[in-house]
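Going down the list, the sequences are from chains P and D. Residue 109 in our numbering is what sits at position 110 of the first sequence, and the numbering runs on without skipping anything. Just add 51 to the spot in the second sequence (first one is 1) and you have our numbering.
Hint data in this document are derived by calculation from the structure and do not stem from the laboratory. Careful, some of the hints might be misleading.
Calculated cross-link-like contacts (lysine to any residue; reagent style SDA-like; alpha-carbon spacing at most 20 Å) [said to hold, decoys possible]: (1) P:Lys288 / D:Pro432; (2) D:Lys277 / P:Tyr167; (3) P:Lys227 / D:Glu101; (4) D:Lys71 / D:Cys311; (5) D:Lys277 / P:Gly194; (6) D:Lys314 / D:Tyr457; (7) P:Lys228 / D:Ile92; (8) D:Lys427 / D:Asn283; (9) P:Lys288 / D:Leu352; (10) P:Lys39 / P:Ile67; (11) P:Lys102 / D:Asp429; (12) D:Lys247 / D:Glu237; (13) P:Lys228 / D:Thr93; (14) P:Lys134 / D:Pro432; (15) P:Lys115 / P:Asn144; (16) P:Lys228 / D:Phe96; (17) P:Lys115 / D:Ser106; (18) P:Lys228 / D:Ser102; (19) P:Lys228 / D:Gln98.
What follows is each chain in one-letter form.
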Amino acid sequence: MAIHSKSHLQPEDYSKLADQFVPNSDKVLATSPYDSELGKNMARDARKVINGKLKIEDFHRVYSASLIKEFGDQYASGPSETSQNSSTSAGTGPKWGMVIDLKKCVGCDTCTVSCKAENRTPPGMSYNVVLETIKGDYPNFSITNLPKPCMQCDNPPCVQVCPTRATYKMENGIVIIDNDRCIGCRYCMVACPYGSRSYDFGNSYEQEMIGYNDVTSPEYGIERGKRKKGDVPEETVRKCSFCYHRLQRGEEPACVETCIGDARYFGDMSDPNSVVSKLAASPRAFRLKEELGTKPRVVYLR
Amino acid sequence: MNTKANLVNNMLTPEHKKGKLEKIYWISLFIVFGVGVYSIITGYFMQGMESTYLSNIVPWGGWIAFYIYFIGLSAGSFLLSTLVYGFGMEKFEKIGRAALLSAIVCMITGILFVFLDIGRPDHVMNAVIYWNVTSTMSWEIHFYIVYLILLVVELYFSMRNDLVKVAKSNNFKGKLSRFLIFNKQEYTDIDKGKDKKRLKIMGIIGIPLAIFGVHGGTGSIFAVLKAQPYLNSALFPLIFIISALVSGTALSIAIYVIKCKVKKQQADHSMIRSLGSMLALFIGIEIIMVWYEFLVGFYGLEHEELGTLQLIMGSPYSWSFWLFQMGFALLFPLILLVIKKTRESINWILGASVMVLIGVVGVRFNMVIPTLIMPKIDGMPYGNYYMNLSEWLTSFGVIAMCLILYTIGEKLFPIDELDSHEKGVSKHE
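Please take these sequences and the hints and turn them into a complete structure.
Here is the structure:
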């Protein structure tokens, strides 16, 4: 290694090279039609804002006048606008919904498997199942495959009955469970018309799969580390969360991403132009047990 | 010395036999209780819910059935006691305190059963702290606490005059009584009037509490579930209340008659007979309600409800419906209490009460389990649930604890009215 390292470039060499490659910033800025000094000062103070040494309001107060002078009509930013932005993000974020096309579903159970892998659910628990019903007798029969995640109802019966408010509806439409508060009474499981909730009996795949207990899924964005006997979420109720932890990183739920027939669609139901909204408005659309008034956010296409 | 001599003298007398019987009673209870504690520790505390045969399809099982059974016994016996303390029916005064004590003990037992069914006992206080106003169960938890306090206070005031009498003796019972009455020396007529008024107020507050809060509320825990069409009917909480009255009356009769038999006292025939006819009335009302519940259920032709009814009446477990629910809990005792020859006999009334007490267990199981076994959506599997050994041992242990608590309560406090006892003896002589 020592012999080779002599012939290799050291970090200092790279910075020397970079000095030659990158053109002089002052020269480049001089070609700009706008004020270079203003830009440099703003960049310096923006770093202070990021570090928390300067308030964003003060930043705007200092530069607002010179920015308007410099950019005129094109300049349309200020402290008032940022507060508006924050209010809009609290009120009208996405309202997640799922559309499942039963004509496209081939019943391969990929969603079930990928859900199990993603959420690392213990034995006997599956957030997503595919129910297969056969109608008629051979040769005149039809098979319906019904993938069934949590419906994330808008009027969730489980939230109604939870004695501790451990399960509740979020603004983005997802019904979540606070496992740290759940007492494990299983009332919500009895109340759910879709059988979407499961109880963590504390089982583990550790016998068949070495290392199963070492990693748990960061459900609802909470890292819980190793799965230990007696630790939350054991002995509490768990369910599908539309892979909330994946949504937080900008990914689709695992079942949607892995569906081989592209039968699942996921998106913002509050946006009338989104694919899911358009599909949900189709005459093929129906929801499970609509007569109960639960208003599921999972829509099926017949 | 004297007592020892007496003991030797009474070697072969009934008194000695009674002592032996009591010994057997205590030893067997403690054995069952000990086994129950062992199974709670090895099952519930070491393995959690995995020690049961519960599953994701049948999340509630035998413990919940026993929980509503005991809550029903408690509410029923309490409602019976309000006849004495709330409405002043002095005819039933002899069973008033026993009914209150059994209401307390059954309430504790019921709460213990539901506590065992909770997966995370370490989180249980959340149910008291974070009150969800739309959750019937949350209301129930709070009502149970208030109700239990009311029962204890009511029992205390109902036996205060006898506590003063007992406090004069110098044994442990006397000391305990002295502590409980804060060294009160005399029980005057003013006290008596005050206590009567207090009892009346508490009885009257207790009636809506027991009906709406405790048992009707427990019924509505189940009745509000639209996911379970079999349970989701407005009649269901009423059936809960009426079957609570049935089982509570039966419990009071059974306790009173058995106690009289053990103590070799003369039982009050006319009171037992009128309690027996009350039991018959309650059973009659329950039959009417159950009939309409099933009639409307069948007419709905709803797939899940029909499936549940089929499971109840035609599955391999249907013996629990035909023998226990229809037979022991309704028809057999009703027949016994209607036929002239048997309704006059104390033994037959006791028999009918014991039948009811056994049968209502079946009623409670049929309320909880079949509806959960029925799949909620086509294509989902049927559940399979029966109580395993650990669940049974735990249940019997808790029931043994119930009996132990009741007997200790009887031993420590003047549950039998001292006056009436003396009167009864003098009349007898």
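Against the structure, the hints:
1. P:Lys288 / D:Pro432: At roughly 18 Å apart (the allowed maximum being 20 Å), D:Pro432 and P:Lys288 satisfy the hint.
2. D:Lys277 / P:Tyr167: 18 Å, holds
3. P:Lys227 / D:Glu101: It holds: about 15 Å lies between the C-alpha atoms, which stays within 20 Å.
4. D:Lys71 / D:Cys311: Between D:Lys71 and D:Cys311 the Cα gap is close to 17 Å, so the pair holds against 20 Å.
5. D:Lys277 / P:Gly194: 13 Å, holds
6. D:Lys314 / D:Tyr457: 16 Å, holds
7. P:Lys228 / D:Ile92: With a Cα-Cα distance of about 16 Å, the restraint between P:Lys228 and D:Ile92 holds, given a limit of 20 Å.
8. D:Lys427 / D:Asn283: Answer holds: D:Lys427 to D:Asn283 is near 14 Å, not above 20 Å.
9. P:Lys288 / D:Leu352: Given that 20 Å is the threshold and the Cα spacing comes to 16 Å, the pair holds.
10. P:Lys39 / P:Ile67: 17 Å, holds
11. P:Lys102 / D:Asp429: 18 Å, holds
12. D:Lys247 / D:Glu237: 16 Å, holds
13. P:Lys228 / D:Thr93: At roughly 15 Å apart (the allowed maximum being 20 Å), D:Thr93 and P:Lys228 satisfy the hint.
14. P:Lys134 / D:Pro432: 16 Å, holds
15. P:Lys115 / P:Asn144: 19 Å, holds
16. P:Lys228 / D:Phe96: 12 Å, holds
17. P:Lys115 / D:Ser106: 18 Å, holds
18. P:Lys228 / D:Ser102: 14 Å, holds
19. P:Lys228 / D:Gln98: Answer holds: P:Lys228 to D:Gln98 is near 9 Å, not above 20 Å.
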